[in-house]
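Colleague: So the protein sequences, as listed, match chains R and C.
Mapping to the working numbering: the first sequence position 114 is 114, numbers consecutive.
For the working numbering, add 1000 to where a residue sits in the second sequence, where the first one is 1.
Please note that the accuracy of each hint is not assured.
Some, not all, of what chain R presents toward chain C, calculated at C-beta under 10 Å [stated by the list, open to error]: (1) Arg20; (2) Val64; (3) Ser73.
Short, incomplete list of chain C residues facing chain R, as computed with Cβ under 10 Å [said to hold, decoys possible]: (4) Trp1322; (5) Pro1325; (6) Lys1373.
Please keep in mind that the hints were generated in silico from the structure rather than gathered at the bench.
Beta carbons are placed, not taken as given, at the ideal position from N, Cα and C, and that holds for glycine.
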Amino acid sequence: MSKLRPDLQIIADNINPNARVLDIGCGDGALMAALRDQKKVDARGLEIEPANVASAVSKGLSVVQGDADTDLSAYPDGSFDYAILSQTLQTTHRPDVIIDELLRIGKQAFVSFPNFAHWRVRMSLLIGGRMPVTRLLPQTWYNTPNIHHVTIDDFRALVRDGKLEQEGEWFLSGDKQTGRAMANLLAEHAVFLLRRQIVPGLSQRDEDQKWRMTMNF
Amino acid sequence: MSEIINEDTRFGLDKKVRLLGPLPLDSGGELTPVEIAYETYGTLSADASNAILICHALTMDQYVASQHPLTGKGGWWTDMVGPGKPVDTERHFIICANVIGSCLGSSGPATINPATEQPWGMDFPVLTIADMVRAQALLLDHLGIECLHAVIGGSMGGMQAISWTALYPERVKSAVIIASAARHSAQNIAFHEVGRQAIMADPRWRGGAYYADDDPPSSGLAVARMAAHITYLSEAGLTEKFGRRLQDRDSKTFGFDADFQVESYLRHQGISFVDRFDANSYLYITRAMDYFDLAEAHGGTLAHAFKGSKTRFCLISFDTDWLYPTSESRTIVHALNAAGAAASFVELSSAFGHDSFLLKNPEMNRIVDGFLKAGEST
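Hey, can you work out the whole structure from these sequences and the hints?
Modeller: Spelled out as structure tokens, the structure:
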């Protein structure tokens, strides 16, 4: 078994055995295969690149070619224990809507992203005066798929404003886990585990969801 | 109850069985007996767990990996089916049956109506895709196969494959549906109607009663084939293959001969088709496809067709296929996701339109191979 990317390893370590998992932007299915083989997880994937889908399907994984921005609405509410969005949030058109969808489909959601406030990124912009090109953000401004750069503090604000519960957070620097202290400056990469705040009564959002469910199919 | 009618001395080839049925039909009647001509490849395992059913498209036949008796050509899907291929004659027991309504040995308008001892002609009952599938289920009963390792089909074969998963979910472990749809679109129906009208406008069609003097409506059938053939290709494919190039001449003739290569090609497609296909079968099978709408039978909600399904699904579409475009496959995938079924889907790139599924495509083979093998390891 080849080694998982560090952020994926953190996610894999924190998923309960036999869970139902939807991996959005699953790439060639490395995490899904590890979860299936090590934790008997029922994993499903969504991936935009045909070659990646082909690789995942040829590993025997259930992966659908599609776009997180348009194809999540088909999945019913609460149909997965976990929805996973690794290194994909910053490529979506509306990250806030996507996170909303993750927590509609999954009871919990793992989100991992490169931290745009890491000191190397800051230095690159401050000293060089050019859009940063780093190990985790290797493309230049004109060909990068990362259209919504985000920092750890930005993400925390989104979690707070979206009235979401944060159940776990992990930070990485140079593929090693680092502490919470000054994570927004020192972490290259963050992994969050979220769940929706449980509020008594039926919210407007639930009403919206009901309407959406009746409209689907 | 059944009887073996004839059997080629070569193992598994040119088999034909008469099943007493009766086969209840969606139109309300029933068909009895049901004759089914089929080919098998490979050996059925002791526990009958390695059976794969291949469902053929509109004008294809059971000769998926063996020589066609009329054209002498090799099988129509030998890149996918054969020793060491994704559908592996060494590993799997492979069945491909001529659909009922067709003309390569299974019950159809050209076969004998037991009531009149004459060819059925237009008295043959109008069929549906589900009827074809139920007939295949009768054949599997006869062969002692309770559960299929996989059902695989492209185009109309894909309609049968997906119908299998809805009609007999417990009999299908996995399904591969290529370049297909869960319903026939208005455009699909429109093209089929052009073909049918071409056949029926041929004076030799005579209400379908043309078998006695062996003078079939070949002109009408050829035109139907020409029109349909355009829908199987892509504009880019036609341009690449023919462009505006002239056929065996240096300049235009200012007449109505086949000046252009593309005209000559289509005429050839039409003329060679009539040697291997029956015009009435073309009417019946296109009708069955037009009537196909899997959601309709499930209260208009496609996801209901897959409720509680344990079947693994693999769907493949092609980016230049405008007859069964990717959006049709995606509709099925969304319904499978809504039903919580295990689904895989990929759109592959190919220049050759709908016909892509019949052509060599290493990526398609890699996907089908991995998908089938994954089902064998569990």
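Colleague: Would the stated hint for R/Ser73 survive a check requiring a Cβ distance to chain C of less than 10 Å?
Modeller: Check passed: Cβ of R/Ser73 comes within 8 Å of chain C, closer than 10 Å.
Colleague: Using Cβ atoms only, decide whether C/Pro1325 comes closer than 10 Å to chain R, and label the hint accordingly.
Modeller: Violated: closest Cβ of chain R sits about 14 Å from C/Pro1325, beyond 10 Å.
Colleague: Are C/Trp1322 and chain R close enough, Cβ to Cβ, to be under 10 Å, as the hint says?
Modeller: Interface hint status for C/Trp1322: violated (18 Å vs cutoff 10 Å).
Colleague: With a cut-off of 10 Å, does the beta carbon of R/Val64 approach a beta carbon of chain C closely enough for the hint to hold?
Modeller: Constraint on R/Val64 satisfied, holds at 5 Å.
Colleague: Classify the hint on R/Arg20 as holds or violated, based on whether any CB of chain C lies nearer than 10 Å to its CB.
Modeller: 9 Å, holds
Colleague: Could you check if C/Lys1373 really has its C-beta closer than 10 Å to a C-beta on chain R?
Modeller: Holds. Min distance 7 Å.
The structure is inconsistent with the numbered hints 4, 5, although it conforms to all the rest.
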